[in-house]
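Let the sequences and hints guide you as you build the complete structure.
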Amino acid sequence: MGGFFYGKPMPDTQTAAPAADLFDFLKDQIRVLQDRCLTLETQLSNVDSSQSDLRTEMRHEIASLRSEIEALAKSMESSNRQINSKLDRLFGARAVVTAAITLLTSILGSGVVHLAVSIGK
1 MGGFFYGKPM PDTQTAAPAA DLFDFLKDQI RVLQDRCLTL ETQLSNVDSS QSDLRTEMRH
61 EIASLRSEIE ALAKSMESSN RQINSKLDRL FGARAVVTAA ITLLTSILGS GVVHLAVSIG
121 K
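Position 93, counted from 1, in the sequence shown is what the working numbering calls 93; the numbers after and before it change by one each time, with no gaps.
Note that these hints are calculated values from the structure, not bench results.
Mixed in with the good hints there might be a few duds.
Computed Cβ-Cβ distance ranges for the label pairs, DEER-style [said to hold, decoys possible]:
#1 Asn46 x Lys74: 28 to 34 Å
#2 Val32 x Glu57: 16 to 22 Å
#3 Arg55 x Gln34: 16 to 22 Å
The calculated lysine-lysine pairs, modelled on BS3-like cross-linking and capped at a C-alpha distance of 25 Å, are [unchecked claim]:
#4 Lys74 x Lys86
#5 Lys86 x Lys27
#6 Lys74 x Lys27
Backbone N, C-alpha and C define an ideal beta-carbon position, used for all residues, glycine too.
Spelled out as structure tokens, the structure:
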């Protein structure tokens, strides 16, 4: 059963929902930008060469969209790397704690056996 945190019930377990929501949001944003870029590229192919100003502006917009897509992809990759790094540290710390508990119980167990043998003599 969860406790209370600042008057709100605390969840029994923590979830990765915020991170998943962020990644879904970024993926959706990238997809929207890719669609806009593709639409502009399609429209650009239909623009007459006599409209050079419009073609230049469309090319500039396409380049801007591509750089925004790259920035979002890098942001996702960086966030993913940070999360993986934190998970690695967490699992490493968990392994150390498990090893320490195992060692402690082993020492205590052998001490109890030694004590029992000493008392039995």
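Tell me, which hint numbers fail for this structure? When the structure is compared with the hints, none of them turns out to be violated.
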